[in-house]
Amino acid sequence: MRRKLVISIILLIAIAAFSVLAGNGAIGTKDILRVIAGGGSLSQQTILFRVRLPRVAAAAFCGAALSVAGFIIQSTLDNRIASPGILGINNGAGLFVLISALIFPFQSGVKCIMAFAGALAVAFLVSFLAVRTGMSKTSVILSGVAISAICTSAIELIISLRPETIADRAAFRIGGFAAVNPVTVLFAIPLIIIGLAVSFLMAPSMDILNLGDEVAHGLGLNVRACRNLFIMISALLAAASISMCGLIGFVGLIVPNCVRIISDKKSSGGILLCALTGAAFLLLCDTISRLIVFPYELPCGLILSIIGAPYLVWILVKKKKRLGID
Amino acid sequence: MTTSYSYGKDFFVKEALFTRGRITGVIGPNGSGKTTLLKTIAGMMPYRGSIMIDDRECRSYGGMERAKKVSYLPQTVKAVSLDVETLVWHGRFPWHGNYRKLTEDDARIIDESLQTATVQDLRKRDLTELSGGELRRAYVAMMFAQNADMMLLDEPTTYMDIKSQSMLYEILRQYAGSGHGVIMTCHGIDQAFSYCDDIVVMNERTLVKCISPGRLKEDEASLRSIFGVSVKRSDDAGLVYPYQLVK
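These protein sequence lines map, in sequence, to chains A and F. If you read the first sequence in this note's numbering, its first letter stands for residue 1, the second for the next number, and so on. If you read the second sequence in this note's numbering, its first letter stands for residue 1001, the second for the next number, and so on.
What the hints contain is simulated information worked out from the structure, not anything from laboratory work. Every residue gets a Cβ at the ideal spot worked out from N, C-alpha and C, and that includes glycine. One should not assume that every hint holds.
Straight-line distance between alpha carbons at most 27 Å, and here's what the computed BS3-like set of lysine-lysine pairs gives [as the list claims (entries may be wrong)]:
1) A/K266 <-> F/K1068
2) F/K1078 <-> A/K318
3) F/K1247 <-> F/K1209
4) F/K1078 <-> F/K1068
5) F/K1209 <-> A/K266
6) F/K1247 <-> A/K266
7) A/K4 <-> A/K318
8) F/K1078 <-> A/K265
9) F/K1101 <-> A/K265
10) A/K137 <-> A/K266
11) A/K266 <-> F/K1078
Restraint-style ranges between C-beta atoms, simulated for each label pair [as the list claims (entries may be wrong)]:
12) A/V198 <-> F/D1054: 28 to 36 Å
13) A/I36 <-> F/A1079: 52 to 60 Å
14) F/N1030 <-> A/M135: 23 to 31 Å
15) A/V317 <-> F/Q1244: 53 to 61 Å
16) F/G1021 <-> A/D264: 36 to 44 Å
Chain F side only, calculated, beta carbon under 10 Å to chain A, not exhaustive [to be verified]:
17) A1042
18) M1044
19) A1067
20) S1071
21) P1074
22) L1082
23) A1148
Using the sequences and the hints given, assemble the complete structure.
Below, the structure is given as C-alpha cells:
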C-alpha cells in the first residue's frame, strides 16, 4: 500500500511538472523556465501565473475531489455504480451554478455556495430514496439518472433562453478547464482541502459503516449522522469542482472503482489513493486536451470519456466478481 | 441488566433480568417480537418504560459508551471484501473511535478473540471466501474483540450446518464463562433448552415469562399453548440436544 501511494505521488508530481512546463506555440518550455527563474516578459509571467498555474491546480484538485466524492458516495450507499455524475449531484450543482450566474453574474464566491446547495439538495434526495424507501441498488441508480435528466433539461432551458449566462456552453456541459477563473479557484480549493481532510479523518467510520447499518450501530457508530456527514462531504467536493470546471462526470466513477481493485481494504488508504490518482488522471486528461490539437483545444471531459469509458468497461469485464455490484 | 418497556402501539411490557455469566435464549413464534426485543436493548428502537444497563437508563448512553456495554449481531451479516483480522480489529471501534492506533493490548485482544472464536486459521482470508458458519464465527470474533458486557445475537445459528451450530454454542458458552452475558434468539426450542441457562418466552409481541430449563415442569402448559409442542429432557448421554421436542 505504501509503495502504491509513493508511486502515485511521484506520478502526480511528474504529470503536474509536465503540465506546467509543456510549451505550445504561444509560450515555449524555455520561456516558462525563464519565468520560473524570475525573468521573462510580463505577458509570459501573466500566462504562467494567471492562466497556467491556476489551470493545473484546478485540474488536480477537481480530479482529487471528484474521485473522493465518488468513493464516499459509493461507500455510503453501498453501491459501486454510484458516482456524483450518475446520481445527478454534478448536474444539480451545475444547475445551481447557472442559476447563480443568471442572478449574480460576477460573483465567483456565490457560484461555489450555490453549487454546494444544488449538490446537497440532489445528494440528500437520492440518499433519502435509497435508504428510506429500501429500493434496490439499480433503482437508486435509475432515480439518480432521472433526477440528473431533470437538472439537465433545466440547464438546457436556461442556456436556450439566456445564452449569455455561460461563455462556452459546450465546455460547460462536457466540462473543462479552458475557462478556469483564478478567483473561483482560490475560493474552491480551500473547500476541497477541507472536504478531503474531513473524509480522511472520518475514514475509520466509513469502514464501520461498510459492515451494514445494524452491525455499525452495534459497534457504537451513529449511523444516520455519519451517513449524512459523508453525503455532505461528497456534495461539497463535487460542488466545489463543478463550480470550477463545469460538468465533468466520469472521473468520479472510474477512479474509485479502479482504486478499489488495487488498494487494500481500508477506506483511509482508498481515499488517499483516490485523491492522488484522481488528481493525476484528470491533470493528464487536461494536459492532453490542451496539447493534442493545438492551437485549438478539446474539452477535458471529452478526453476523459474517450480514455475512461473503455477502461471502465474493460475493468468491469475483467474483474466483475471483485466489484460486487448487486 | 433489567428491562421493562413498551414499543409503539403494540404494548409489550414485562420485567426480565439478564445476568452476566449466563446464556439467555429468547424463543417465540415468528413475529412474536424476539428481534425487536434485542434491537430495543441494543438501543436501535425507541421505547417507553425502562431498560437499565448497570443502573443507568439505556437511552442515556452515547453510541460508543453503549457499545462497550452491549454488542449486537443482526440475523444477516454482510460478506464484505475484508480479511477476518481487519474485521475483528473493527470490534475495537467503540474503544478508539476514529483515531485508531493498534496498541499491544488491542493486538492481544484480537489474537484471543480469533482463538476463542476458532477462526485463527482464517485470519488472512477474505470474508467473501468464507462459508456461512465461518463468516458468522468471524463476526462473533469481532464481538469478542468489542468485549461488551452483554452480547446480543439474533438467531446466530441460521444457515449453519449442525457441526457449526454446536461449535458456535460451545464458543458462546466459553465467552459466558469468562463473565459476560449472552442473550440470543433461537429458532429451535429444543436447542434453546439444551444450550441456554435461562429461557425467555415471547408471544404476540409480549414477553410471556422467563423460565429456566431446570424447572420445566411448571411451564410446560404455557409452552404447549404457544408452540403446540413441548420439550422433554432425555438422559440418554449420546444425544446432541438433551432436550427433545415432544407432542
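Verification of the supplied hints:
1. Of the supplied pair hints, the one linking A/K266 and F/K1068 holds, its CA atoms being roughly 23 Å apart against a limit of 27 Å.
2. A hinted pair counts as satisfied when its Cα atoms are at most 27 Å apart, and F/K1078 with A/K318 qualifies at roughly 24 Å.
3. The straight-line distance between the Cα atoms of F/K1247 and F/K1209 is roughly 21 Å, inside the 27 Å bound, and the hint therefore holds.
4. With a C-alpha separation of about 22 Å, the suggested pairing of F/K1078 with F/K1068 holds against the 27 Å cut-off.
5. As the CA atoms of F/K1209 and A/K266 are separated by approximately 45 Å, the hinted pair breaks the 27 Å bound.
6. Of the pairs offered as hints, the one joining F/K1247 and A/K266 is violated, with about 53 Å between alpha carbons and a cut-off of 27 Å exceeded.
7. Proposed proximity of A/K4 and A/K318 is supported: the alpha carbons are some 21 Å apart, at most 27 Å.
8. The hinted pair formed by F/K1078 and A/K265 meets the criterion: a straight-line CA distance of about 15 Å does not exceed 27 Å.
9. For the suggested pair F/K1101 and A/K265, the alpha carbons sit about 17 Å apart, so the restraint of at most 27 Å is met.
10. Using a Cα cut-off of 27 Å, the hinted pair A/K137 and A/K266 holds, with the two alpha carbons roughly 23 Å apart.
11. Note on A/K266 and F/K1078: the hinted pairing holds, with a Cα-Cα distance of about 16 Å set against a maximum of 27 Å.
12. A hinted range of 28 to 36 Å holds for the C-beta pair A/V198 and F/D1054, which are about 34 Å apart.
13. At roughly 53 Å, the beta-carbon separation of A/I36 and F/A1079 lies within the given 52 to 60 Å, and the hint holds.
14. A hinted range of 23 to 31 Å for the beta carbons of F/N1030 and A/M135 is consistent with their spacing of about 25 Å.
15. Taking 53 to 61 Å as the suggested C-beta distance range, the pair A/V317 and F/Q1244 conforms, at roughly 54 Å.
16. Remark: the range hint 36 to 44 Å for F/G1021 to A/D264 is upheld by a beta-carbon distance near 39 Å.
17. A distance limit of 10 Å between C-beta atoms decides the matter here; for F/A1042 the minimum to chain A is near 6 Å, and the interface restraint holds.
18. The beta carbon of F/M1044 is positioned within 10 Å of a beta carbon in chain A (closest approach about 6 Å), and the interface hint is therefore held.
19. Interface restraint check: F/A1067 against chain A, minimum CB-CB distance 3 Å, threshold 10 Å, status holds.
20. Annotation: interface hint on F/S1071 holds; nearest CB of chain A at approximately 6 Å, less than 10 Å.
21. The criterion of a C-beta within 10 Å of any C-beta in chain A is met by F/P1074, whose closest approach is roughly 4 Å, and the hint holds.
22. Taking 10 Å as the C-beta cut-off, the interface hint given for F/L1082 holds, the closest approach to chain A being about 5 Å.
23. Given hint, F/A1148 at the interface with chain A, holds; its Cβ is 9 Å from that chain's nearest Cβ, closer than 10 Å.
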